[in-house]
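Going down the list, the protein sequences come from chains A and B. Going by this note's numbering, the first sequence opens with residue 1, and the numbers climb by one from there. Going by this note's numbering, the second sequence opens with residue 255, and the numbers climb by one from there.
Misleading hints may appear alongside valid ones.
[Stated by the list, open to error] Derived lysine to aspartate or glutamate pairs resembling DMTMM-like cross-links, with alpha carbons at most 25 angstroms apart:
no. : chain 1 : residue 1 : chain 2 : residue 2
1   : B       : K781      : A       : D13
2   : B       : K781      : A       : D21
3   : A       : K164      : B       : E420
4   : A       : K218      : B       : D625
5   : A       : K124      : B       : E283
6   : B       : K369      : A       : D21
7   : B       : K510      : A       : D21
8   : B       : K414      : A       : E113
9   : B       : K510      : B       : E756
10  : B       : K369      : B       : D561
Source of the hints: derived by calculation from the structure; they are not laboratory data.
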Amino acid sequence: MGAVRHFRVWRGDEDGGSLQDFQVEVNDGEVVLDIIHRLQATQAPDLAVRWNCKAGKCGSCSMEINGKPRLGCMTRMSVFEETETVTVTPLRTFPVIRDLVTDVSFNYQKALEMPAFAPPADVKPGEYRMQQVDVERSQEFRKCIECFLCQNTCHVVRDHEDNKPEFSGPRLFIRAAELDMHPLDARTDRKDYAVAEQGIGYCNITKCCTEVCPEHIKITDNAIIPMKERAVDNRYDPLVWLGRKIFRRDQIQA
Amino acid sequence: MSEVEKHNYDVVVIGAGGAGLRAAIAAREAGMRTAIISKSLFGKAHTVMAEGGIAASMGNVNANDNWQVHFRDTMRGGKFLNNWRMAELHAKEAAARVWELETYGALFDRTKDGKISQRNFGGHEYPRLAHVGDRTGLELIRTLQQKIVSIQQDDGGDGKLKVFAECTITELLRDEAGHIAGAFGYYRDTGDFVLFRAPAVVLATGGIGKSFKVTSNSWEYTGDGDALALRAGSTLLNMEFVQFHPTGMVWPPSVKGILVTESVRGDGGVLRNSEGRRFMFDYVPDVFRKNYAETEAEADRWYTDPDHNKRPPELLPRDEVARAINAEIKAGRGSPHGGVFLDIASRVDSAEILRRLPSMYHQFKELADVDITQQPMEIGPTCHYVMGGVEVDPDTGSAGGHVRGLFAAGEVSGGMHGSNRLGGNSLSDLLVFGKRAGEHAASYVDEVDGNRPSVAQSDVDSAQQTALAPLERAEGENPYAVWHDLQQFMQDLVGLIRRKSELEESLKLLGDLRERVAKVSATGGRKFNPGWHLALDLRNMLVVSECAAKAALEREESRGGHTREDFPAMDPKWRQINLVCSLNPSGEVELRHQPVPTMRGELLGLFDLSELKKYMTDEELASYQPAKDGE
Numbered sequence: 001m002g003a004v005r006h007f008r009v010w011r012g013d014e015d016g017g018s019l020q021d022f023q024v025e026v027n028d029g030e031v032v033l034d035i036i037h038r039l040q041a042t043q044a045p046d047l048a049v050r051w052n053c054k055a056g057k058c059g060s061c062s063m064e065i066n067g068k069p070r071l072g073c074m075t076r077m078s079v080f081e082e083t084e085t086v087t088v089t090p091l092r093t094f095p096v097i098r099d100l101v102t103d104v105s106f107n108y109q110k111a112l113e114m115p116a117f118a119p120p121a122d123v124k125p126g127e128y129r130m131q132q133v134d135v136e137r138s139q140e141f142r143k144c145i146e147c148f149l150c151q152n153t154c155h156v157v158r159d160h161e162d163n164k165p166e167f168s169g170p171r172l173f174i175r176a177a178e179l180d181m182h183p184l185d186a187r188t189d190r191k192d193y194a195v196a197e198q199g200i201g202y203c204n205i206t207k208c209c210t211e212v213c214p215e216h217i218k219i220t221d222n223a224i225i226p227m228k229e230r231a232v233d234n235r236y237d238p239l240v241w242l243g244r245k246i247f248r249r250d251q252i253q254a
Numbered sequence: 255m256s257e258v259e260k261h262n263y264d265v266v267v268i269g270a271g272g273a274g275l276r277a278a279i280a281a282r283e284a285g286m287r288t289a290i291i292s293k294s295l296f297g298k299a300h301t302v303m304a305e306g307g308i309a310a311s312m313g314n315v316n317a318n319d320n321w322q323v324h325f326r327d328t329m330r331g332g333k334f335l336n337n338w339r340m341a342e343l344h345a346k347e348a349a350a351r352v353w354e355l356e357t358y359g360a361l362f363d364r365t366k367d368g369k370i371s372q373r374n375f376g377g378h379e380y381p382r383l384a385h386v387g388d389r390t391g392l393e394l395i396r397t398l399q400q401k402i403v404s405i406q407q408d409d410g411g412d413g414k415l416k417v418f419a420e421c422t423i424t425e426l427l428r429d430e431a432g433h434i435a436g437a438f439g440y441y442r443d444t445g446d447f448v449l450f451r452a453p454a455v456v457l458a459t460g461g462i463g464k465s466f467k468v469t470s471n472s473w474e475y476t477g478d479g480d481a482l483a484l485r486a487g488s489t490l491l492n493m494e495f496v497q498f499h500p501t502g503m504v505w506p507p508s509v510k511g512i513l514v515t516e517s518v519r520g521d522g523g524v525l526r527n528s529e530g531r532r533f534m535f536d537y538v539p540d541v542f543r544k545n546y547a548e549t550e551a552e553a554d555r556w557y558t559d560p561d562h563n564k565r566p567p568e569l570l571p572r573d574e575v576a577r578a579i580n581a582e583i584k585a586g587r588g589s590p591h592g593g594v595f596l597d598i599a600s601r602v603d604s605a606e607i608l609r610r611l612p613s614m615y616h617q618f619k620e621l622a623d624v625d626i627t628q629q630p631m632e633i634g635p636t637c638h639y640v641m642g643g644v645e646v647d648p649d650t651g652s653a654g655g656h657v658r659g660l661f662a663a664g665e666v667s668g669g670m671h672g673s674n675r676l677g678g679n680s681l682s683d684l685l686v687f688g689k690r691a692g693e694h695a696a697s698y699v700d701e702v703d704g705n706r707p708s709v710a711q712s713d714v715d716s717a718q719q720t721a722l723a724p725l726e727r728a729e730g731e732n733p734y735a736v737w738h739d740l741q742q743f744m745q746d747l748v749g750l751i752r753r754k755s756e757l758e759e760s761l762k763l764l765g766d767l768r769e770r771v772a773k774v775s776a777t778g779g780r781k782f783n784p785g786w787h788l789a790l791d792l793r794n795m796l797v798v799s800e801c802a803a804k805a806a807l808e809r810e811e812s813r814g815g816h817t818r819e820d821f822p823a824m825d826p827k828w829r830q831i832n833l834v835c836s837l838n839p840s841g842e843v844e845l846r847h848q849p850v851p852t853m854r855g856e857l858l859g860l861f862d863l864s865e866l867k868k869y870m871t872d873e874e875l876a877s878y879q880p881a882k883d884g885e
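Using the sequences provided together with the hints, build the complete structure.
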């Protein structure tokens, strides 16, 4: 038998809601999601929460715990003081559906708008050759479990609903970087696209996304900054600009 | 009756894991208007939990590998109860399915010459698993998800391939002739009902692990596809074969059952008991003796020189390792928290562990305060996979029994893995047979086009009533309490080691549960109400549990994922028998014997006669001819 602890869980829907108090048993080694499940089983069977793998691999149980965006399944109860109240609320950046469940369709919409991987035209299946060192850069970004904690914490959209149409967010910036660094992606305009269509320019490198990433992906340093730098290179580098003008490189193809 | 949203599609794929997404891609590429029904958000399916890799005999690391070797390994792993044709197709087509993923954008780990790297795994003779560290399942699901997006972009957003996320199907609908006419379900977020009219349905719902207490499976694994198939007149094959993965976490209690990848052993990890002994050497069964090392020294040499040494017994098929661990724990040689030790820290240097097993490092560090580069892990068996499932035609994935237009692929289907699945053969299975099911569903639609079966309104009404019943019952039991009991019964009585008396007791208890499941009540409304969702999932979990228990009682031998303490040996007579479950008109599970299909002569000839004799009767081997060289 474990100790009884004080939880406050936000309950409600798009019409409003409030924090509800619960006294609930907590045992050795448990995580916040275990406690939410205990509440479901014993006190609030209709308490809405998303979860799947319970091992930090699927990114479903994203929530805000004492104000911090976290995965419920990877937040050990031992990180809190024994007398500390644990407050659990839904992700703030996305519209609430019910209780801890939010409408994250924004992220899927942005993914749908982004040009997919373009396979090289002249390489047959089975003939792809890439060096480990070259795939590792993109592999870091492919560790992403799409928990959307980075999207949720990013101040560009967290309290600015009006920025959402122009801004894709950190999750999609690492996707852009991943494809840009993919050794065989046939498209060459990933950086330009990040600037023109994804709104990477809105990011002012506060690194909040990197801090909350449960996969420890260096979102800002390894994806956003290189994408911004190279985007700047291409568009504003005076030598590149001069080259374009003198050799009319931008018109040769046409 | 409340409003029901209606859609018309050619093919409806139920399940959005690897098999479902691959089937949907194939159906759409064949020109079909295709719907993907996902119980969770898109990209969260249990496929993400697959860690080790995708088995395919590309021969990138050891050029001796080929489909015949893979076929042999698969049949051995399944103790020759596999549907041989499925094992053949799987071994032949897996490599092409992996290469195809690269054209969708997948980034596997590489060999020095830039090919896809392949790792060792239990039961596979050569390094065969294409992988990305220990997160191969995530790579697979994300790759397929992004391919779906890519097709949607090519389609110009006209909805010819649409994902219905957080949507649960509760009933398949048929016309009077038994042809599939559609599927009925609800959106989890709103609780609103939805009807899909379609002549073809592909089941890709995964497994049944949530019927067990200690499991590596997520909440979605409630046997929906198996139960939908049964209720639609189809049949389930060999439901007694449930794989208990040897290495699940055992501590802390809240993570008990979470998977520890077999790659830990493939990459050098060994199992030890409380006395420090590498006990797997004591548990090599006769049928495998000539392929496994007898001394620690030889086993250790194998990692660097596999051509001249035999493999370590830690890499026996999963059923063997799980039973051995269970026996050690029972004999009092377990670890402090009731498991055994899995040690890679003393055998591989820290940097290499971090590179090859990053998510295992992360998982143990964050959830158990264990640094796997410094300390051994504590592990024990956990319910992981069901080899049984919907009986399918091997070539097309078309479901058996009295139904047409129903297809199944991946874990929900049965036969491919026989009595035990090899690690890595699941991801390849879902690609090979997902594609096939999608394509054959498409040709079936072409066949019936112009004469599509129609949905009867009365069936829609009754599906709706069934779905609403738990919400309308004022007095009734809490579904969580019923679920808890179901899991406990299955764990205790239909678990890793089984006995006649306990299986009989389980059937009695499951019978009692039937009445309780029929009376559960869900409080709250229809909007994202997990209690209601569980109340509806319970009847699926119950019927698949009954099938598993009933078949386990019937099969009086031990084979792969079915161990009977009272019948400890394999019996060649039972190898010839498949156990097939169906529902009778009053909804009770019925079981019958059916012969296992006879393997084609030239495939039989790929094995040594001496090996086949361990599994088959003399009559079966009367016409045996060894394969000619080069086959």
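Do the hints match the structure? See the list:
Restraint check: the Cα-Cα separation between K781 of chain B and D13 of chain A comes to about 9 angstroms, which is no more than 25 angstroms; the hinted pair holds. Of the pairs offered as hints, the one joining K781 of chain B and D21 of chain A holds, with about 22 angstroms between alpha carbons and a cut-off of 25 angstroms not exceeded. At most 25 angstroms may separate the alpha-carbon atoms for a hinted pair to count; K164 of chain A and E420 of chain B meet this at roughly 23 angstroms. Between K218 of chain A and D625 of chain B the CA atoms are separated by roughly 22 angstroms; this keeps the pair inside 25 angstroms, and the hint holds.
The hinted pair formed by K124 of chain A and E283 of chain B meets the criterion: a straight-line CA distance of about 18 angstroms does not exceed 25 angstroms. With a CA separation close to 56 angstroms, the supplied pair K369 of chain B and D21 of chain A exceeds the 25 angstroms bound. Pair hint K510 of chain B plus D21 of chain A does not hold up; C-alpha atoms about 28 angstroms apart against a cutoff of 25 angstroms. Between the alpha carbons of K414 of chain B and E113 of chain A the distance comes to roughly 17 angstroms, so the proposed pair stays at or under 25 angstroms and holds.
This hinted pair checks out: K510 of chain B and E756 of chain B have alpha carbons roughly 24 angstroms apart, not beyond 25 angstroms. For the hint linking K369 of chain B to D561 of chain B, the alpha-carbon distance of about 21 angstroms falls within 25 angstroms, and the restraint holds.
Of the numbered hints stated above, those contradicted by the structure are hints 6, 7, listed in ascending order.
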